[in-house]
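From first to last, the protein sequence lines stand for chains Z and C.
According to this note's numbering, the first sequence is numbered sequentially starting from 1.
According to this note's numbering, the second sequence is numbered sequentially starting from 295.
It is worth saying that the hints were derived from the structure and are not from the lab.
Mixed in with the good hints, there may be bad ones.
[Stated by the list, open to error] Covered stretches of chain Z (chain C as the covering partner; in silico rule of three or more C-beta atoms under 8 Å from a C-beta of chain C):
no.	segment
1	174 to 188
2	278 to 288
[Claimed, not checked] Not everything, but these chain C residues come out facing chain Z in the computed CB check (under 8 Å):
no.	residue
3	D338
4	E342
5	Q346
6	Y439
Glycine included, every Cβ here is placed at the ideal spot set by N, Cα and C.
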Amino acid sequence: MAESRQPLHAISDEALGGALREMGSWVAFPSADGEGGRPDVAALSRARIVALDIRPSRGATRRWFGLGLRPMRRGLVLAVAALLVLAAIAGAIGFGLPGLRIIFGDIPSSSPVASATPSGSGSGSAPPSATASPGPLGSSLGLGVVLSLADAEARAGFDLILPPDPAIGPPDIAWVTGRRVNLVWASGPGLPATEATGIGLLISEFQGHVDPSLYQKFIDSGTKMTRVTVNGSPGYWLSGAPHFFFYIDPEGNSVEDTHRQVGDTLIWSTGEETYRLESTLDMDAAIQLAESLR
Amino acid sequence: MEGRPLDDIELITRAQTGEVMAYEELVRRYQDVAVRTAHVISPDGDAEDAVQEAFVKAYAALARFRVEAPFRPWLLRIVANEARNRRRSAGRRAGLALRAAEDRRPGDAAPSPESAVLAGETRQALLAAINGLRDEDREIIGARYFLDLSEAEAAETLGLPRGTVKSRLSRALSRLRAQLSASDGGPIRG
């Protein structure tokens, strides 16, 4: 104890080591655990491995060098990795790895994520169906708050892209949650209403690198992921059985979009921005629309 | 799979054949020390992201890992390299920080007897001195005292010849004393 009264620089090596050990227990280290129901580092790593279709190999080390060096793919990889993680949380997983056809088991009704809906997220107690929704278009979908298109763009922090086709026109309404912009079109002649949401078209746009887990989707059994490209940018077409839609807000809260089922979805990333497009269009038409966005 | 936890070697062997769930279970055992390692090496970087990336790279390289070798330092070396690659070379750096007293998490060990000795201001002084050190000195001190790695593990993690850990640590402590001495302001100087 007498030693503690000496200046730190004058104490013995042993005592200094003890002081360092003790101080080390006070260092504010980041945590590897997924707090509040979020996946932990091990689960996120595994999701990246699956999303990138990486396998241990003796020779070919090339492909993983690209992971950190090419931001073009990275945003999408993180988004897709995050997308796979929620299924892991809920358990019940079966991977058919080659080609990333991924089949997940049934969704437990009380998954940790589903119960982690934060207060004030806006998802509230909205009904799971859009049909009986009062209020503006898409208000039952948990898409955030309504803003003007200009304000939504300012919030997103980048230039939004829109369909130039006059038959589709500007979005009927723009929702924003965090920095993710959700543009909604009512159903019309060219855009029949989706069974799940009752709207014609939903395009979400956000910066994929803001938070790798910003965008998450819960895939039901039978959902198929197909690799595609959109104007040369990598993407995935999610089709088949309807899947559920969740995301993690910038504060790290899991937000459940009223547990709605969504239909066939195209997701792609230019590197900086990540986009998703949900409609009744088939894969080719969805890609065509996606490629036309300006 | 019969109710007992698989040991590292079984998990590694399975992971080497492409069983990604086995790999997840394996690295979960080391994710805490991995995140801490990344943070010691690159205090201003995103440690969690660096570790995820390192775990992906380690998986890709797993076939070249010799099963009989210790896995933890092999993994930590990949983590350390990833964290170093992300270290900012220039500009202002905040360095390591202390958490507030009330932040002691429920799972943490009770304060050791020495903690009564180290007053808050002493901890701050130590921390400031460590943040004033060169990266190499902070790394070796952190590996031995914050991460509690053995000399052999510290050597492999930091990519040093094993025989040099002791002398490097000793030199790092000397420089730490110099830092402390310069900032002490007390009656005893250098």
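Verification of the hints:
1. 174 to 188: Not satisfied, violated; 0 residues make the cut.
2. 278 to 288: Check failed, 0 qualifying residues.
3. D338: violated (12 Å)
4. E342: Hint on E342/C: holds, closest Cβ of chain Z at ~6 Å, below 8 Å.
5. Q346: Result: holds, 5 Å to nearest chain Z Cβ.
6. Y439: At 4 Å from the nearest chain Z Cβ, Y439/C passes the 8 Å test, so the hint holds.
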